[in-house]
Amino acid sequence: MAESKYQMNRIMVQGHNIFRKYGKVQALSDISFEVMEGEIFGVIGPDGAGKTTLFRILTTLLLADQGQAMVNGFDVVEDYTSIRKKIGYMPGKFSLYQDLTVQENLDFFATVFNTTIEENYHLIRDIYVQLEPFKSRRAGALSGGMKQKLALCCALIHKPEILFLDEPTTGVDPVSRREFWEMLGKLKAQGITIIVSTPYMDEAEKCDRIALIQGGSFIQIDTPENIKDGYANPLYAVSSESMYALLKDLRSCERVKSCYPFGDAHHVTFFDDSFTSEDLEKFLQSKGHNDNNISKIRPTIEDCFMNLSSPGDAS
Amino acid sequence: MLKYLIEKEFRQLLRNPFLPRLILMFPLMVLLFLPLAANFEVKNINMTLVDNDHSSYSRQLRQKILSSGYFRLTEISSNYSQALKTIESDKADLILEIPPGFEEDLIREQTAQLMISVNAVNGTKGAFGSSYLSRIINDFNMSIITELALIKDIRMVPSFQIISQYRFNPYLRYPVFMVPALMVMLLTMICGFLPALNIVGEKEKGTMEQMNVTPVKKPTLILSKLIPYWIIGFIVLTLSFGISRIFYDLKPAGNIFTIYLFAFIFILAISGFGLVISNYANTLQQAMFMMFFFVITFIFMSGLYTPVRSMPEWAQILSIFVPLKYMIEVLRMVYLKGSGFADLMVELFFLVGFAVFFNLWAVVSYKKVN
Chain P
1 MAESKYQMNR IMVQGHNIFR KYGKVQALSD ISFEVMEGEI FGVIGPDGAG KTTLFRILTT
61 LLLADQGQAM VNGFDVVEDY TSIRKKIGYM PGKFSLYQDL TVQENLDFFA TVFNTTIEEN
121 YHLIRDIYVQ LEPFKSRRAG ALSGGMKQKL ALCCALIHKP EILFLDEPTT GVDPVSRREF
181 WEMLGKLKAQ GITIIVSTPY MDEAEKCDRI ALIQGGSFIQ IDTPENIKDG YANPLYAVSS
241 ESMYALLKDL RSCERVKSCY PFGDAHHVTF FDDSFTSEDL EKFLQSKGHN DNNISKIRPT
301 IEDCFMNLSS PGDAS
Chain H
1 MLKYLIEKEF RQLLRNPFLP RLILMFPLMV LLFLPLAANF EVKNINMTLV DNDHSSYSRQ
61 LRQKILSSGY FRLTEISSNY SQALKTIESD KADLILEIPP GFEEDLIREQ TAQLMISVNA
121 VNGTKGAFGS SYLSRIINDF NMSIITELAL IKDIRMVPSF QIISQYRFNP YLRYPVFMVP
181 ALMVMLLTMI CGFLPALNIV GEKEKGTMEQ MNVTPVKKPT LILSKLIPYW IIGFIVLTLS
241 FGISRIFYDL KPAGNIFTIY LFAFIFILAI SGFGLVISNY ANTLQQAMFM MFFFVITFIF
301 MSGLYTPVRS MPEWAQILSI FVPLKYMIEV LRMVYLKGSG FADLMVELFF LVGFAVFFNL
361 WAVVSYKKVN
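In order, the protein sequences belong to chains P and H.
The numbering of the first sequence is the working numbering, which starts it at 1 and goes up by one.
The numbering of the second sequence is the working numbering, which starts it at 1 and goes up by one.
Take these hints with a grain of salt, some might be off.
To be verified - Straight-line C-alpha distance at most 25 Å; calculated BS3-like pairs for lysine-lysine: (1) K93/P to K135/P; (2) K135/P to K206/P; (3) K93/P to K217/H; (4) K85/P to K217/H; (5) K325/H to K251/H; (6) K147/P to K203/H; (7) K147/P to K337/H; (8) K159/P to K8/H; (9) K325/H to K337/H; (10) K3/H to K86/P; (11) K85/P to K3/H.
What the hints assert, rightly or not - Counterexamples of contact, computed for chain H against chain P with all Cβ distances above 12 Å: (12) M1; (13) V30; (14) R108; (15) M211; (16) S339.
Derived by calculation from the structure, the hints in this document are not laboratory data.
Quick reminder that beta carbons are idealized off the backbone N, C-alpha and C, glycines included.
Construct the complete structure from the given sequences, taking the supplied hints into account.
Right, dumping it as structure tokens:
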């Protein structure tokens, strides 16, 4: 599973057969994984897949029903106090003190971790310069993107070795999202291990390795490239004038294995490789679709996710 | 660390546009207005008079009743059935009917009949009204007998006169009795309610979770929430002493430090109670409602308004579990009777018990829920 492309000398985070139930809902079942030092590990999956639950177990906020987890060599149950000094956690919901100013929030989190802003200023400098003009503004009055940056600063101020970011870009505009990922790249360069969850498949490509999670289980853990390479069938993007009728007709075709709408084109796979794009063209013309555009494409993570998570399909 | 956290709590509190002012207004409001509004003394009883006698005695009686200050003559009716209409239309609370020949009977036979009819829709007003009126009439009766004894040579009827002397509150002033008890209510709200709501608020906002991943120890975090309100509680208590001194001329007959000591134990107990609630509530709405539920029960069962001993037996048993009851007793005893530490051993025992019980429960329920 592990790949030697990265400097993986040390396991930073490790989960071993983790189970967790909320009442009757099985939020996590049999989660096992390893995160190496200095990598960006993405946990990718839809809402309700169990991402936050996993994060709360790893950040010592929640106990697992079964299984073990180690963070930085410490057990999350027995050594939770040691872990808390070494990790930075940014919950999905903005949870800083809205009635304190930017400066006060930062000061506050530095102090509770027994450090000062000056001591670790180099870590947050790039982010903080953008916040500086608003430093005496109350956190509650910041814009969404600024709040996000402040939260990241607060999570970084004590120089954590591992950063847990739970859906940091949900509800953030595309420009801020890109900026945010650039910042993560810089942090990685400083040697910080980052575990990040996101429902956005496009962000998966920016991780070193990703775990696809659905219904509380990891369906695959690998580098984004390997996951894409592992896509079993050739994938075609199909578009025509009437996209909705096209979708219905594609799904009615018995040779078509899967068909999902993806923005401007439908992504289609076939049951066997003997069925080609020419055959599809003929089929579509027989259904009255003209002006078809069929091209073979490289799968995205989203295709892989859809493929892996579609029920009754083990490829 | 604790000091820094407390500083931060105070900074947030003072920055709140609303809360600091409310904390100051609250004792003023409670101590200045509540004793006046929730006064059980009944005044302004509306009376309809049916005077069928029109004699000098009947006029004297009427004069005496009105000069007592409790009654207001709303109407003079010519007969009883007409007077009854004033009660039906809620213009009068009470009818006094003086029968024809009232004066004559009094002089000739030294007795006369009067009829008092009371509107008992408002029970308190009715009961107090008729008892005040009977007392005034009795008084009037006595003075007439003495007067007649001088004119006519009649034998004085030997009679008893009961003189009540009220210990500890000689004039039965309502505020004397209420103000110390209201201080307990203030402490309950400020030291029990506010920290619990603050904690639930942080839970709701998610900042509690953020704090939980820091190395700050849980007891430190909770103490940092409680201590500011303890301090405020003591300030408000001291303020209340001042207010009651200035406005009601009330000073504790006993030692004020006895009160402070008991207040400290009580504050421990009630903030422990608040913590228990904060463990079970996930939203402010839940916490508020639980608080109201218990505090209203506590206040009515505590003997704040009505004496515990006049409650039905089940309620008396229930009131054993009301911490407010003991603190109210302590304050009333120290303020009015000047009780010292030795007289308050039972209360001390119960309050310490509550403090231990609630705080243990808070610790256990915290572990269980999280």
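Quick rundown of the hints versus the structure:
A C-alpha spacing of about 21 Å is found between K93/P and K135/P, which places the hinted pair at or below 25 Å, so the restraint holds. For the hint linking K135/P to K206/P, the alpha-carbon distance of about 30 Å lies beyond 25 Å, and the restraint is violated. Distance hint between K93/P and K217/H is fulfilled; the C-alpha atoms sit about 23 Å from each other, no more than 25 Å. At most 25 Å may separate the alpha-carbon atoms for a hinted pair to count; K85/P and K217/H meet this at roughly 12 Å.
For the suggested pair K325/H and K251/H, the alpha carbons sit about 21 Å apart, so the restraint of at most 25 Å is met. For a cut-off of 25 Å, the pair hint linking K147/P to K203/H stands: about 19 Å separates their Cα positions. Distance check on the hinted pair: K147/P and K337/H sit about 59 Å apart at the alpha-carbon level, beyond 25 Å; violated. Between K159/P and K8/H the CA atoms are separated by roughly 23 Å; this keeps the pair inside 25 Å, and the hint holds.
In summary, the hint linking K325/H to K337/H is supported, as the alpha carbons are separated by about 17 Å, within the 25 Å threshold. Between K3/H and K86/P the alpha-carbon distance is near 24 Å, which keeps this suggested pair within the 25 Å criterion. Among the hinted pairs, K85/P with K3/H is consistent with the structure: their alpha-carbon atoms are about 20 Å apart, no more than 25 Å. With 12 Å as the threshold on Cβ separation, the claim that M1/H sits away from chain P is violated: the shortest Cβ distance comes to roughly 7 Å.
Even its closest Cβ contact with chain P, about 27 Å, leaves V30/H beyond 12 Å, as expected for a residue assigned away from the interface. With a least CB separation of 84 Å from chain P, R108/H remains clear of the 12 Å interface cut-off, as annotated. A Cβ of chain P approaches the Cβ of M211/H within 12 Å, the least distance being about 8 Å, so the stated non-interface status is violated. Listed as a non-interface residue, S339/H keeps its Cβ farther than 12 Å from every Cβ of chain P; the least gap is roughly 44 Å.
Against the hints set out earlier in the document, violations occur for numbers 2, 7, 12 and 15.
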